[in-house]
Amino acid sequence: MTDFASVTLELLKGFGVTCYIFFITLALSLPAGLILAFGSMSRFTPLRTVVRTIVWVIRGTPLMLQIIAVFYGPYLLFGITGFDRVPSVIAAFVINYACYFSEIYRGGIESIPKGQFEAGQVLGMTKTQIFFRVIFLQLLRRIVPPMSNEIITLVKDTSLARVISIVEIIMVAQNFARAGLIWPLFYTGVFYLLFVGILTLLFRFLERKMSFIKV
Amino acid sequence: MERLRVEGFRKKFHDTEVLKGVDFCLPKGEILAIIGASGSGKTTLLRCLNFLETPDAGKIYLDGELLADASAHYKERELREKRKKFGLVFQSFNLFPHYRAEKNVSLAAELMAKEEAKDFRRNLKRELLSQKVPRARTTARAEAKAFLKKRLEDIRLRAGELLCKVGLSEKKDSYPYELSGGQQQRVAIARALMLDPEVLCFDEPTSALDPELTDEVLRAIRSLKGRTMIVVTHEMAFAREVADKVIFMADGVIEEQGTPEEVFGDPKSEKTRAFLRRRGEQ
Numbered sequence: 001m002t003d004f005a006s007v008t009l010e011l012l013k014g015f016g017v018t019c020y021i022f023f024i025t026l027a028l029s030l031p032a033g034l035i036l037a038f039g040s041m042s043r044f045t046p047l048r049t050v051v052r053t054i055v056w057v058i059r060g061t062p063l064m065l066q067i068i069a070v071f072y073g074p075y076l077l078f079g080i081t082g083f084d085r086v087p088s089v090i091a092a093f094v095i096n097y098a099c100y101f102s103e104i105y106r107g108g109i110e111s112i113p114k115g116q117f118e119a120g121q122v123l124g125m126t127k128t129q130i131f132f133r134v135i136f137l138q139l140l141r142r143i144v145p146p147m148s149n150e151i152i153t154l155v156k157d158t159s160l161a162r163v164i165s166i167v168e169i170i171m172v173a174q175n176f177a178r179a180g181l182i183w184p185l186f187y188t189g190v191f192y193l194l195f196v197g198i199l200t201l202l203f204r205f206l207e208r209k210m211s212f213i214k215v
Numbered sequence: 001m002e003r004l005r006v007e008g009f010r011k012k013f014h015d016t017e018v019l020k021g022v023d024f025c026l027p028k029g030e031i032l033a034i035i036g037a038s039g040s041g042k043t044t045l046l047r048c049l050n051f052l053e054t055p056d057a058g059k060i061y062l063d064g065e066l067l068a069d070a071s072a073h074y075k076e077r078e079l080r081e082k083r084k085k086f087g088l089v090f091q092s093f094n095l096f097p098h099y100r101a102e103k104n105v106s107l108a109a110e111l112m113a114k115e116e117a118k119d120f121r122r123n124l125k126r127e128l129l130s131q132k133v134p135r136a137r138t139t140a141r142a143e144a145k146a147f148l149k150k151r152l153e154d155i156r157l158r159a160g161e162l163l164c165k166v167g168l169s170e171k172k173d174s175y176p177y178e179l180s181g182g183q184q185q186r187v188a189i190a191r192a193l194m195l196d197p198e199v200l201c202f203d204e205p206t207s208a209l210d211p212e213l214t215d216e217v218l219r220a221i222r223s224l225k226g227r228t229m230i231v232v233t234h235e236m237a238f239a240r241e242v243a244d245k246v247i248f249m250a251d252g253v254i255e256e257q258g259t260p261e262e263v264f265g266d267p268k269s270e271k272t273r274a275f276l277r278r279r280g281e282q
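Chains as they are written, first to last, in the working numbering: chain A, 1 to 215; chain B, 1 to 282.
It is possible that part of the hints are untrue.
Unchecked claim - The calculated BS3-like cross-link candidates involving lysine-lysine, where the alpha carbons are at most 30 Å apart (straight line), are:
(1) A/Lys127 / B/Lys85
(2) B/Lys149 / A/Lys209
(3) A/Lys127 / B/Lys84
(4) B/Lys171 / A/Lys114
(5) A/Lys127 / B/Lys271
By construction, these hints were calculated from the structure, which means they are not laboratory data.
Input sequences plus hints: build the corresponding full structure.
Pasting the structure below:
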C-alpha cells in the first residue's frame, strides 16, 4: 500500500473531500456574501449594526476556532448532538467566507459611480433592474481580482477541516506520515498547485471576457 | 398651455439651505435656461424635479395637475411612474459602460416592455381561464411572447431612429469608451428621449466636454426645439439664442427671470448684472 499509484489513489480520495467542501462552500458563500453586503449597506441601522458586528467577529477570530465552535457549539450550549462533521465544517466555511466576500462586494458596489444608479433611476428602472442590469456586470468586473484571491485561499483553507477529523487530503497524507511515510505529505502540494492553476486560468479567462467593460 | 409649474421648492442639506423657495412655470414646448454661479441651487432644483432628491417642501404640477407634493410620501412604484414624466441628461453622461450605444438607448424601454408582457400574459390567462378556453396557459404564453417580440422590434427601431436623430446612426454598435465625450453625451440625449418625457432636463450638458466638442451637443439639443426642456447651463450664448425663458438663480432663489432679451439685455437685479459682467456678457 505504499507504492506511488496506491498513494495517489488514496490522496485522490482525500482530495475528493477537499473539492466537495470547496465547491459547496463556494456555491453557498457567494450569494450569502452578497446578502450580507446588502445588510452591511442597509439604511436600517439595527440591521447594519448586526451585520457589521457579525463580520467583525468572523474576520476577527481564527477560522479554526470557528470550525470547532460550529461543530461543538450546539452540544456545549444546548446539548444538541447528531450533526455530521462535513455539513458542520461547510457551515463554518460558508459563514467565514460569506463575511469576507461581503466586504469585497460592498467595496465593489461602493466604487461604482453614483451616476450609474441615478441614470437607472431617472429611466424609471426598479432597484432590482438597476442592480442586475446596470450594476452587476460592472461589479463583477471589479471584484474578480480580489475574489480570486479569496477563492484560492479557500482551496487551501479546506485543510483546516481536519481539526474535526474530516479525512481530506492533508489528513490522508498525515496518516501516511504517522505510519512512517513522509513523501505523500509533500506530494499533496501538487494537487493543490494543479487545482489552483486551473482556477487561475479560469479567473484570467473571466477577466479577459469582461475587459470590454471600461470603467 | 402650461406644461410645468413648480411651487415653493425648498431643500436643505444638513444646515445649508440650497433652495429657499423656488417657484416658476414653463409653457408647453418652451425651453427654459437656468443660469447662475456654482452653488446657487440650479443642479439641486433639477435633481428635485427628477426625484433624485426629495425637496423638503414644494409641489410639482404637470399640465395643470398635481404630480408630486413634498409633504406626501410616495411608494417606490408611484415614484417610478412620476419619474418617467421627466428625463435627465447628466453632466457626466452616465452611460452604461457595458452596453453598446443602441442598448444604452433601448434598455429601459425593453425592461418596461418585458414587465408589460408579463402583465399582458397574466391578464390574458385569467380571462381565458374564466372563459374556460382550453389550453389557456399555453395560449397566453404564446400571445405574450408575440406581443413582446413586436414591442422589442419597435423599441430597437426607435432607438435606431433616435441615434440617427443625434447623428450617431453609424455608432450604434460602439461601446461608450469607444466614443468621444460629445458622442457619449449625444447617446445620453437619445437615451433620455427614448421614454419620451414630458419635460426633458439637462444638467450642464457640456461642462464635462472639451470646448471643441460642445457644439455638436448644443446642436443636438437645439434640434429638439419644440419639446419642453430645462437646460442648466454655463453657455450664455446658447441660453441667449435657444431659450424662450431664462432664470437666473443666486443663493437658492430665483433672482431674476424673463425672456433672454430681458435677462441678458436689461437685467433688473444687481446680482444678475454682476454675474453677467463676470461672464463677459455685459
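Can you confirm whether the C-alpha distance between lysine 127 of chain A and lysine 84 of chain B stays at or below 30 Å? With a Cα-Cα distance of about 15 Å, the restraint between lysine 127 of chain A and lysine 84 of chain B holds, given a limit of 30 Å.
Given the hinted pair lysine 127 of chain A and lysine 85 of chain B, is their alpha-carbon gap at most 30 Å? 18 Å, holds
Regarding the pair lysine 149 of chain B and lysine 209 of chain A, is the alpha-carbon distance no greater than 30 Å? 29 Å, holds
What's the verdict on lysine 171 of chain B and lysine 114 of chain A, does the C-alpha distance respect the 30 Å limit or exceed it? Satisfied, since the Cα-Cα distance of roughly 26 Å is no more than 30 Å.
Please work out if lysine 127 of chain A and lysine 271 of chain B have their alpha carbons no farther apart than 30 Å. 42 Å, violated
Hint violations for this structure: number 5 only, all remaining hints satisfied.
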